[in-house]
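Mapping to UniProt numbering: the sequence shown position 205 is 205, numbers consecutive.
Keep in mind the hints are simulated off the structure, nothing from the lab. The reader is advised that the hints may include incorrect statements.
[Unchecked claim] 20 Å max Cα-Cα, derived SDA-like pairs, lysine to any residue:
(1) K318 to Q300
(2) K287 to N5
(3) K287 to C29
(4) K287 to D270
(5) K297 to R286
(6) K263 to V35
(7) K318 to P87
(8) K297 to D252
(9) K287 to Q300
(10) K297 to M257
(11) K296 to V312
(12) K297 to T338
(13) K23 to T274
(14) K318 to H238
(15) K181 to M257
(16) K296 to R340
(17) K364 to K181
(18) K263 to C218
(19) K287 to M257
(20) K318 to P336
(21) K297 to K263
(22) K318 to K296
(23) K287 to G38
(24) K27 to A11
(25) K27 to R273
(26) K27 to T6
(27) K296 to R221
(28) K318 to A232
(29) K364 to R352
(30) K297 to V347
(31) K263 to P336
(32) K263 to S39
(33) K27 to N5
(34) K296 to D314
[What the hints assert, rightly or not] Restraint-style ranges between C-beta atoms, simulated for each label pair:
(35) N240 to A90: 25 to 31 Å
(36) S292 to H109: 21 to 27 Å
(37) N240 to E342: 16 to 22 Å
Note that the structure is predicted; figures quoted are calculated from it, not measured. Beta carbons: idealized from backbone N, C-alpha and C, even for Gly.
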Amino acid sequence: MVHSNTYHPDASFRERWEALLYKFQDKICGTLEEVDGGSFREDLWTRQPAGSDGSERGGGGRSRVIQDSAVFEKAGVNVSVVHGALPEAAVPLMTSRGHSIPELSEGQHYEFYAAGLSLVLHPHNPLAPTVHLNYRMFQIFLVDTEEHAAEDAEETKGDERHRVSRTTDALPSDLQSKEKKTSVLWWFGGGTDLSPSYVFEEDCVFFHEKLKAQCDRCDERYYSRFKRWCDAYFRNHHRNEGRGIGGIFFDDLNENMEVDPEKFFGLVQDGFRTFLEAYVPILERRKSAIYSEEEKKWQQVRRGRYVEFNLVHDRGTKFGLQMPGSRIESILMSLPLTARWEYDFQVREGSREEEALNVFIRPKDWIPVNQAALEGFFWPKEQGAGA
1 MVHSNTYHPD ASFRERWEAL LYKFQDKICG TLEEVDGGSF REDLWTRQPA GSDGSERGGG
61 GRSRVIQDSA VFEKAGVNVS VVHGALPEAA VPLMTSRGHS IPELSEGQHY EFYAAGLSLV
121 LHPHNPLAPT VHLNYRMFQI FLVDTEEHAA EDAEETKGDE RHRVSRTTDA LPSDLQSKEK
181 KTSVLWWFGG GTDLSPSYVF EEDCVFFHEK LKAQCDRCDE RYYSRFKRWC DAYFRNHHRN
241 EGRGIGGIFF DDLNENMEVD PEKFFGLVQD GFRTFLEAYV PILERRKSAI YSEEEKKWQQ
301 VRRGRYVEFN LVHDRGTKFG LQMPGSRIES ILMSLPLTAR WEYDFQVREG SREEEALNVF
361 IRPKDWIPVN QAALEGFFWP KEQGAGA
């Protein structure tokens, strides 16, 4: 059952969410084109409408990629809006993270809605950091077939529709039917993190100060919590190394669905603006710096570590590859154009590479963290989401 005191985003909320994603895809790509001087290639794509098992699929997205340009070896900015039947294999994943959804009865099934913007930028220059951003919304619906929904028709007759609904809801037009769809679970996830090959403390402090200001405008507890979560999540556990110098990361954010989702809409909207303020000045500072062949080689080794994380640990990548009808090019867009795996690679003692590696192994607080905000807060150290 869906508790009456919980909020659930309705169709108009999702429409505004999608508009936000496409708006900032345009803004981010436009800004990056000014920095680079090149143009993004654009691909519009749609999911295969139905699977071999007859399951409904819908949605699609817009992928933009630039590679071998003046500044970027490869950069991708992708918007994805997909919906349809929730695969059985994905249901345990939803409940394993503390979520509770109703058990299915005869004539019922689950459908999902997922919409987000993700980007990864890999500059040519090894002194300029790779950056990742992802913000997404996920919603699950319990669906009664036409036959069973008719039994409940009198209960919903005359209900008012609100911007944020507490009752029956509807997915986009291509899934409209005489079925009854009830939102049972929703959450937001995402964040942004920096993965430099060489660590410049002033860049790290600047980046984290911007993210803290973003979080503080929404909830003063968030930066400290999301910073710790980011350090725990973006980590190659098989090497005991972090992917970079961190940032913020959160998943399953809904505060038990007891607050208006507008709170999280505002957090993400601010996050898109903050990203440009936090990353572009760093990129401008480093993109034309002179570098050596040795520094380029180290960058390629770190790119290899980036690939390892995305393919071995990232929950978002795993979910995308598991989802029937997904677009593989968009899912793997985050991978660098080139990377290096050198057998038994060792950094020289006292080198800048060793200095960077020590930071990746032992996460650092670049700005003060509010310890009181961490009291009683748990973040999963073994898993996370969103690549």
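Structure-based check of each hint:
1. Restraint check for K318 and Q300: not satisfied, since their Cα atoms lie roughly 24 Å apart, outside the 20 Å limit.
2. Taking the CA atoms of K287 and N5, the gap is about 51 Å. The hint is violated against a cut of 20 Å.
3. About 17 Å separates the Cα atoms of K287 and C29, which keeps this hinted pair within 20 Å; it holds.
4. For the hint linking K287 to D270, the alpha-carbon distance of about 26 Å lies beyond 20 Å, and the restraint is violated.
5. Taken as a hint, the K297 and R286 pair is honoured in the structure, with Cα atoms around 17 Å apart against an allowance of 20 Å.
6. Of the pairs offered as hints, the one joining K263 and V35 is violated, with about 32 Å between alpha carbons and a cut-off of 20 Å exceeded.
7. Annotation: proposed proximity of K318 to P87 holds, straight-line Cα distance about 13 Å (limit 20 Å).
8. For a cut-off of 20 Å, the pair hint linking K297 to D252 is broken: about 38 Å separates their Cα positions.
9. Pair hint K287 plus Q300 holds up; C-alpha atoms about 16 Å apart against a cutoff of 20 Å.
10. Between K297 and M257 the alpha-carbon distance is near 47 Å, which puts this suggested pair outside the 20 Å criterion.
11. The hinted pair formed by K296 and V312 fails the criterion: a straight-line CA distance of about 24 Å is larger than 20 Å.
12. Of the supplied pair hints, the one linking K297 and T338 holds, its CA atoms being roughly 11 Å apart against a limit of 20 Å.
13. Restraint check for K23 and T274: satisfied, since their Cα atoms lie roughly 15 Å apart, inside the 20 Å limit.
14. Note on K318 and H238: the hinted pairing holds, with a Cα-Cα distance of about 17 Å set against a maximum of 20 Å.
15. Taken as a hint, the K181 and M257 pair is honoured in the structure, with Cα atoms around 18 Å apart against an allowance of 20 Å.
16. In summary, the hint linking K296 to R340 is supported, as the alpha carbons are separated by about 10 Å, within the 20 Å threshold.
17. Proximity of K364 to K181 is assessed by CA-CA distance (about 46 Å); at most 20 Å being required, the pair is judged violated.
18. Pair hint K263 plus C218 holds up; C-alpha atoms about 7 Å apart against a cutoff of 20 Å.
19. For the hint pairing K287 with M257, the CA-to-CA distance comes to about 43 Å; that exceeds 20 Å, so the pair is violated.
20. For the hint linking K318 to P336, the alpha-carbon distance of about 18 Å falls within 20 Å, and the restraint holds.
21. Between K297 and K263 the alpha-carbon distance is near 44 Å, which puts this suggested pair outside the 20 Å criterion.
22. Restraint check: the Cα-Cα separation between K318 and K296 comes to about 30 Å, which exceeds 20 Å; the hinted pair is violated.
23. Using a Cα cut-off of 20 Å, the hinted pair K287 and G38 holds, with the two alpha carbons roughly 14 Å apart.
24. For the given pair, K27 sits about 25 Å from A11 by alpha-carbon distance, which is inconsistent with the 20 Å threshold.
25. Of the supplied pair hints, the one linking K27 and R273 holds, its CA atoms being roughly 9 Å apart against a limit of 20 Å.
26. For a cut-off of 20 Å, the pair hint linking K27 to T6 is broken: about 34 Å separates their Cα positions.
27. About 39 Å separates the Cα atoms of K296 and R221, which puts this hinted pair outside 20 Å; it is violated.
28. The suggested pairing of K318 with A232 holds, with an alpha-carbon distance near 18 Å, which does not exceed 20 Å.
29. Taken as a hint, the K364 and R352 pair is honoured in the structure, with Cα atoms around 17 Å apart against an allowance of 20 Å.
30. At roughly 11 Å between alpha-carbon atoms, K297 and V347 fall within 20 Å of each other, so this suggested pair holds.
31. Between K263 and P336, the direct Cα distance comes to roughly 34 Å. Violation of the 20 Å bound is thereby established for this hinted pair.
32. Only pairs whose Cα atoms come within 20 Å are accepted, and K263 paired with S39 is rejected, the gap being roughly 34 Å.
33. Using a Cα cut-off of 20 Å, the hinted pair K27 and N5 is violated, with the two alpha carbons roughly 37 Å apart.
34. For the suggested pair K296 and D314, the alpha carbons sit about 26 Å apart, so the restraint of at most 20 Å is broken.
35. For the pair N240 and A90, the supplied restraint of 25 to 31 Å holds, since their beta-carbon distance comes to about 30 Å.
36. Checked against the hint of 21 to 27 Å, the C-beta distance between S292 and H109 comes to roughly 58 Å, which is inconsistent with it.
37. Restraint check, N240 to E342: a C-beta distance of roughly 18 Å satisfies the suggested window 16 to 22 Å.
In this structure, the earlier hints numbered 1, 2, 4, 6, 8, 10, 11, 17, 19, 21, 22, 24, 26, 27, 31, 32, 33, 34, 36 are contradicted, and the remaining ones agree with it.
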